[in-house]
Amino acid sequence: MTDPRPIRRNPDVLTDTLAVAGKQVIDVGCGNGHLVRHLARHGAQVLGVECSPQQLASAWAASPVAAEKIVEGVGQALPADDASADIVVFFNSLHHIPGELMHAALDEACRVLRPDGQVYVAEPLAEGEFFALCRAVDDETHVRAAAQAAVLGHSGLVLQRSFDYRHPVLLADFAAFRAKLVSANQERATRFAAHEDALSALFAQSGQASAEGRAFLQPMRVHVLGRR
0 MTDPRPIRRN PDVLTDTLAV AGKQVIDVGC GNGHLVRHLA RHGAQVLGVE CSPQQLASAW
60 AASPVAAEKI VEGVGQALPA DDASADIVVF FNSLHHIPGE LMHAALDEAC RVLRPDGQVY
120 VAEPLAEGEF FALCRAVDDE THVRAAAQAA VLGHSGLVLQ RSFDYRHPVL LADFAAFRAK
180 LVSANQERAT RFAAHEDALS ALFAQSGQAS AEGRAFLQPM RVHVLGRR
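Throughout the sequence shown, residue numbering follows numbering that gives the first Met the number 0, covering 0 to 227 in sequence.
Hints in this document: simulated from the structure, not taken from any laboratory. Please read these numbers as outputs of a predicted model, since none were measured by experiment. Accuracy of the hints is not assured; some may be wrong.
What follows is a list of derived Cβ distance ranges for each label pair [what the hints assert, rightly or not]:
| hint | residue 1 | residue 2 | range |
| --- | --- | --- | --- |
| 1 | Val157 | Glu71 | 18 to 24 Å |
| 2 | Pro5 | Leu151 | 18 to 24 Å |
| 3 | Ile6 | Val157 | 17 to 23 Å |
| 4 | Ser205 | Gly21 | 23 to 29 Å |
| 5 | Gly152 | Ala192 | 33 to 39 Å |
| 6 | Ala148 | Ala197 | 19 to 25 Å |
| 7 | Ala192 | Val157 | 20 to 26 Å |
| 8 | Asp137 | Leu169 | 26 to 32 Å |
| 9 | His141 | Glu71 | 15 to 21 Å |
| 10 | Gly152 | Arg4 | 22 to 28 Å |
| 11 | Ser83 | Ser209 | 37 to 43 Å |
| 12 | Ser209 | Val157 | 35 to 41 Å |
No residue lacks a Cβ here, since even glycine has one placed at the ideal position from N, Cα and C.
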């Protein structure tokens with residue numbers, strides 16, 4: 000059966016879904032700052048928050064697009080004033096927050112959000128080609144389910160819309176795949192080494208050849224929410 004979910008790029012989905020120009024946006028768990036810079040190019044005033052030293056180093060090394068700012072911090076204690084943001088983004092990040100702190104992170108989103116603001120949560124589902132490729136190194140089945148439950152179960156947020164799509168993860172080669180997994184979490188390096196031969200074979204057999212190397216589809220689910 001053909002999968003009806005459209006194939007779309009993560010950054011484009013966000014800026015096609017929400018009007019970000021002129022808005023104050025907080026990107027929680029911004030990683031290397033790629034999405035922060037994308038939002039800045041689209042006219043947003045962006046604060047990126049990240050706790051990983053490796054990701055912060057990469058984010059700070061990149062050339063700025065506009066007046067975007069990336070700071071060290073965590074989702075459950077955002078370095079932002081009350082009612083200071085029009086949009087709070089959790090892109091691929093809520094499931095990285097410890098399960099017992101996910102609710103606190105969403106509380107923080109409510110705190111910093113203006114009354115008419117929106118929370119944009121985009122989370123990978125525990126399915127698809129890229130998930131299958133990564134599973135031996137880091138099986139996120141349970142944490143991804145916990146993130147979905149936390150969003151839909153938060154009493155301070157009301158769901159405005161929800162939809163799924165498939166994001167193509169483009170990787171130049173197997174070395175690029177390794178770098179992508181390990182850069183976000185150094186603890187994965189040992190597990191990657193233990194499964195390297197099997198991972199290399201799976202990498203070559205799955206996904207689709209592309210001009211950039213290989214493309215692996217990752218199903219995503221977006222929730223757009225407002226304050227109650």
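Verification of the hints:
1. Val157 / Glu71: 18 to 24 Å: 31 Å, violated
2. Pro5 / Leu151: 18 to 24 Å: 22 Å, holds
3. Ile6 / Val157: 17 to 23 Å: Because 29 Å falls outside the window, the suggested range is violated.
4. Ser205 / Gly21: 23 to 29 Å: 42 Å, violated
5. Gly152 / Ala192: 33 to 39 Å: Holds: the Cβ-Cβ distance is about 38 Å, inside 33 to 39 Å.
6. Ala148 / Ala197: 19 to 25 Å: 31 Å, violated
7. Ala192 / Val157: 20 to 26 Å: Given a distance of about 45 Å, which is not inside 20 to 26 Å, the answer is violated.
8. Asp137 / Leu169: 26 to 32 Å: Hint violated: Cβ distance 20 Å, outside 26 to 32 Å.
9. His141 / Glu71: 15 to 21 Å: 27 Å, violated
10. Gly152 / Arg4: 22 to 28 Å: Given about 24 Å between the Cβ atoms, the range holds.
11. Ser83 / Ser209: 37 to 43 Å: Hint holds: Cβ distance 40 Å, inside 37 to 43 Å.
12. Ser209 / Val157: 35 to 41 Å: Since the Cβ atoms of Ser209 and Val157 sit about 39 Å apart, the hinted range of 35 to 41 Å holds.
Violation of the numbered hints given earlier is confined to hints 1, 3, 4, 6, 7, 8 and 9; the remaining hints are satisfied by the structure.
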